[in-house]
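There are 2 protein chains.
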Amino acid sequence: MTDTDAAALSDQDAVLIDRYWRAANYLSVGQIYLLDNPLLKEPLAAEHIKPRLLGHWGTTPGLNFIYAHLNRVIRQRATDVLYICGPGHGGPGMVANTWLEGTYSEIYPLIGDDEDGIRRLFRQFSFPGGIPSHAAPETPGSIHEGGELGYALVHAYGAAFDNPDLVVACVIGDGEAETGPLAASWHGNSFLDPVHDGAVLPILHLNGYKIANPTIMGRMDDTALRQLFEGFGYEPFFVEGRDPLPMHRVMATTLDRCFDRIASIQQAARAGEPAGKPRWPLIVLRSPKGWTGPREVDGKKVEGFWRAHQVPIAEARENEAHRVLLEEWMRGYKLDELFDIDGRLLPELRALVPRGDKRMGATPYANGGRLRRALKRPDWHRFAVDVPCPGGAIAESTRSAGEYLAEVLRLNEEARNFRVMGPDETNSNRLNAVFDVTNRAWMEPIEPYDDHLAPGGRVMEVLSEHLCQGWLEGYTLTGRHGLFNCYEAFVHIVDSMFNQHAKWLKVSRELDWRAAVPSFNYLLSSHVWRQDHNGFSHQDPGFIDHVVNKKADVVRVYLPPDANTLLRTIDHCLGTHNRINVIVAGKQPAPQWLTSQQAEIHCAAGIGIWEWAGTDSDGAEPDVVMACAGDVPTLETIAAVDLLRQHVPELKIRVVNVVDLMTLQPHEEHPHGLTDADFDALFTRSKPVIFAFHGYPWLIHRLTYRRTNHHNIHVRGFKEEGTTTTPFDMVVMNDLDRFHLAMDVIARVPGLTGTASHAKQAFRDKLIEHKLYVCRKGQDMPEIRDWTWPYQTAAEAGD
Amino acid sequence: MTDTDAAALSDQDAVLIDRYWRAANYLSVGQIYLLDNPLLKEPLAAEHIKPRLLGHWGTTPGLNFIYAHLNRVIRQRATDVLYICGPGHGGPGMVANTWLEGTYSEIYPLIGDDEDGIRRLFRQFSFPGGIPSHAAPETPGSIHEGGELGYALVHAYGAAFDNPDLVVACVIGDGEAETGPLAASWHGNSFLDPVHDGAVLPILHLNGYKIANPTIMGRMDDTALRQLFEGFGYEPFFVEGRDPLPMHRVMATTLDRCFDRIASIQQAARAGEPAGKPRWPLIVLRSPKGWTGPREVDGKKVEGFWRAHQVPIAEARENEAHRVLLEEWMRGYKLDELFDIDGRLLPELRALVPRGDKRMGATPYANGGRLRRALKRPDWHRFAVDVPCPGGAIAESTRSAGEYLAEVLRLNEEARNFRVMGPDETNSNRLNAVFDVTNRAWMEPIEPYDDHLAPGGRVMEVLSEHLCQGWLEGYTLTGRHGLFNCYEAFVHIVDSMFNQHAKWLKVSRELDWRAAVPSFNYLLSSHVWRQDHNGFSHQDPGFIDHVVNKKADVVRVYLPPDANTLLRTIDHCLGTHNRINVIVAGKQPAPQWLTSQQAEIHCAAGIGIWEWAGTDSDGAEPDVVMACAGDVPTLETIAAVDLLRQHVPELKIRVVNVVDLMTLQPHEEHPHGLTDADFDALFTRSKPVIFAFHGYPWLIHRLTYRRTNHHNIHVRGFKEEGTTTTPFDMVVMNDLDRFHLAMDVIARVPGLTGTASHAKQAFRDKLIEHKLYVCRKGQDMPEIRDWTWPYQTAAEAGD
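Sequence lines, in order, name chains A and B. When we follow UniProt numbering, the leftmost residue of the first sequence carries the number 1, and every step to the right adds one. When we follow UniProt numbering, the leftmost residue of the second sequence carries the number 1, and every step to the right adds one.
Extracted from the complex, chain A is given alone in its bound form (with noise of 0.2 Å):
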């Protein structure tokens, strides 16, 4: 460091942005400790002090110091930046600086910008009542929890995308750095466009200790670090220390470094400089846990160890000699030099805090409902497949999607606000009419012969559904559309994502002051029923199930059983916002059922008798329901019905199927479930119900159990049986085929006559054949006979 450099704060200022930051960490222990007296105005007693201590202070010193120099970069540059606090543990330091900047008193009104406030303040934190320890949805600034960790990165990534302007600071602990997410999401660098996409300045915090053990990248010397990074690209900037003072130089000093850095890798870049990927700034930002806190306890080290990490006095309020320790570490803040006698902070310590919207606790990026335009969305009909007659037609569902998805990118190039992700995925769900429009995003060297690569496509592929999920979630909370495709299977990967992310949508709804986000749309296909050739390990259909957990008014599970219908599924949920939807359609050449028209109005419904598959055209009560959900159940379904209706005639059967599963459910559980009147009126109070099923039964019969004809309903489902065999087989392996569906009318409608059973035998000679064709291990194979109609067996490259 040169003299030059560390004027970058002159020797006031270093002092001012100390009281500063004194400030905050004063606020940070408060909240763990006070319930009262909260500027030490009289001694501190017992009841001042809350009764049950919660909070995690070791992280927090290090993210107020960060916030309170990234406040003077921007005002200095009048940059917008986003802080993105990885290690969300940290809460009462988001809290306090957002409260030091006013945000806080202007989206709460109750908690003032005098003594009253800041006692209300203190209460409140990690109390019945009040708000969660970590930053939340009720934090202001904030657009990532950080309860579970690894997804701090990936959000500041999905932030940057398509926001120029915007620099997102992203606190990465050393705890989630070892995790699985954090570790992929250095790669984020190699998707980052300096032309169109904003900038991301990681700030690796190095204090050395996770709970109960030191982490990882703590104990590293600085050589093997700068290689690591380096490795992956970046520049890094060390900040390393104890000393406040020298410590405040030195950040500022090296923010100064990084933004000129930003600065001029964006310029060279907009000015159409070649640059292939930048080596972005990173900072590496080692000070002690629990800085500024007690050395040590009761003869324990605390300062710079893991006891400092939640509450480094215990018991403050029952033992004396810790509340005097307590009240030493408070005093050692100076509270004359940062608020005045009405608990207000001093105006020149409010004179370092950005203006308006530039706080970071204000700024329109962390409430991205501010920023949400419409997406604009052609007229899907537009996209339908002909449908001249129910099955009169083949085509792959999501092909037809992929050529709707590329005119919605098509629409809004302009306004750059819509993006696909994949795991390397999108060519093998069929949905590359995409690239007619747009390419991947790729900052990594391009060869003549790359297919569609190039800086600021607006398709994310990368062989992690992490990096896919935190990049969307980052993308939507920011005011942005995207869809999400995946495997079925293996979207599994980020169940515990999207549990966190429904956490965060369930109770940003409840804020008045968070503006409605886009929705998080999944389009899952290769789906259970159509991975037979890569096996069991690619069947898994539960994630519908993991998803119906959530609150009613988040999630949205869609099954299109053909194209049209998933032209307006995909169309319909991108318009919506706040909720994470969820559609299950196949990808391979299958039969059409419904025109355009007939989709729409089947869709609106979300469910409805097919009259024109079932045998009931009198009108009156069925003898059978035939319910379906999902493409294949529904082809199996409506093969059964014509097996039936050739061997046993006179039955009665009524076809329902369902689009939105969430009809199923009681109108008072989900906004879109039936009442029981509608719901009898589809299902009967009485008749049998055979239910085919895309993925496992029990989600029926949880989702109906409460209805009056349950005790009827009968489910086939995916029950955990799969290889690699037919299409066919698939289902048969299930029980969920034709002749099992048929065979399973036949049982439960009471009264058939002797062709019912002639039929049943026939079926089951059937099965018998079927089964013959598919031979144990180890001996002869026979060929695929083609009676497997309509189930393609070619392969297609890229499955």
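Among the clues, some could well be false.
No distinction is drawn between identical chains; accordingly, a pair holds when it is met within one copy or between any pair of copies.
Unchecked claim - Derived lysine-lysine pairs resembling PhoX-like cross-links, with alpha carbons at most 20 Å apart:
1. Lys719 with Lys551
2. Lys358 with Lys551
3. Lys551 with Lys506
4. Lys760 with Lys652
If you are wondering where the hints come from, they were derived from the structure by calculation, not from laboratory data. Source: prediction; values computed, not measured.
Place chain B on chain A using the hints.
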């Protein structure tokens, strides 16, 4: 590379190894394409070619290359090597090599070592009734499937722990390297002890492409890769090229160097030289995707590009020009230099293969049940909590479990076949007694003030659920035992890994030759009801919903209500094999119900009537059944009975407690399921059942919907309501508290007198009183009063 180095392989040996490699490549192509004419004795005709072409060629020649070279090293050094095939899609390679070395035919005698065997080998691949296209349980020598990518390296480390004589050669594709779990796995070297553990040799196979995209690492230059892996603490070696003979020489030399490095690291460490974290070798192998395959097809680049990923020449059955190309390609391997006229591998090539169990397809490390030694378990009653009467003691359940686990560690110290994994939560989950016996494994620098860190420690703590899960999978699949303790909410992070492991076990159980491996045991603590302090993001009981989707043979879920039942459950689970056991138990001080004798009886049954808790001691049928599963629901149920006993004394209540959740399922669906008669005897055929459940309520409905009395079962559980509040408020928010339960009873039992409605009003008043204590955000916060016995409100560090 110097001349001396090159001498690892004579010219003659290079040619021999090349011929062996060609044989493996030929057999790989044959599996993808051929139905018949396996040795091309006739010109290739359409009918010789499979009608559906499946399989992944791109990665396979590289996998074969590595396999062939490892064979040489094994023969020369008599080392045990386990081959982890990260690109599991390269199944044809693993199958080809294990056939060449003879293990395939030994395990599957129908697939002989001659022409007919080759024909069957080809035919069965990715064929109905045949074998999957990935390395799978069916594949000899594999403990790793690799359909879902990300877990190769973490499995490798898990296999290497406590196997000091083993080298795990772990091939990592550059696609897989983009995943989060893989990215975090590089840090395994911070935990691997050269004294007691074996070695992991990562082989990063850069063939440059995924399905339809280049890979990030494939486009990084050697300088960046070297920096990256040196940063991670490895010593990288590069093997790069396309020309086979020079590549054989470099690979041989490099492998010799790596094995030399491994030997010298281990010798030094085992001789007691102070080591620190060794710099283990790592190989970066750059070879073309689809190496030795067609360079172009239809004028489009194939070799060295993503078009080689799966089937490089499509429609070879239908398209004659393609068929000619295929035949040229296959004949290019020069069959007469590989096989004799009968299709047997030529003797000079067979001589290149190791013998007996040294063959990688035959190594017992890949069939871990063969190495399984029963875990020594102490008498768990020794650790039992003294319970003078139900509710007569307060204890932390997991603390006793920790004492039991410490003794397990002690008893098996010499065998070194038991480990405890956890994401930095072993203390937090109150299992800290284990540190009386062992340490945390740690190879990074250790400071004097550190707490129980040491190389060779038997507790593995890293802030990554993925690593904990993957290490324990690798550890148990190689025949050793363990337990993974985790926060309940965050175990969803490994949902997908659980899935894949459950699928692996399901298929393995069907294979006679696979010996049973120890079960995978989860202990989920810090559960939903006691995350009142950490808030909503930490509250999720849905993992068990996910688990019960898997095959009944494989999964078990236990909800022990107190310390003694937890002890008995853990002890039982540690004695099982081929299963996944999930135990959910609290860590907070809580009332104890059963003596160790009672716990033994109760857990053996898995479910039972707690006569002492109910009011129907006269043996008659009760008015109502109050069922409970989980520690907090059990407490609330008992408190509710207490209230009802006081307020509605005439009510006959039966209390049923469920430890083993699987007892609720029909007997036909799960081996632990009660018969309907037994279920009816417990739950009655017609009385109301108020079921207080630990998880989402619909799981109970799902498990019981076929039972006689299902329509009377009314379940309370977590309905996704939570925040930072008191423990008691958590149950109130979800209607699971004593007052709601008591009101439920009154509402559902017909014919109650006026005292009951008075009681209901009293309970409602209590809830209103409670709500007054938990005020809404921003308003004044009251003190917490101490009327929510016996929930403790004192926070302890480390939660």
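Quiz item: For the identical chains here, do Lys551 and Lys506 meet the 20 Å Cα criterion within one copy, between copies, both, or neither?
Solution: within (7 Å within a copy, 33 Å between copies)
Quiz item: How do Lys760 and Lys652 come out at 20 Å by Cα distance, when the copy is not named: within, between, both, or neither?
Solution: within (17 Å within a copy, 50 Å between copies)
Quiz item: When no copy is named, should Lys358 and Lys551 be tagged within, between, both, or neither for a Cα gap of at most 20 Å?
Solution: Result: close neither inside a copy nor across copies, 34 Å intra and 54 Å inter.
Quiz item: How would you label the pair Lys719, Lys551 (within, between, both, or neither) given a Cα cut-off of 20 Å?
Solution: between (26 Å within a copy, 8 Å between copies)
Hint compliance for this structure: hint 2 alone is broken.
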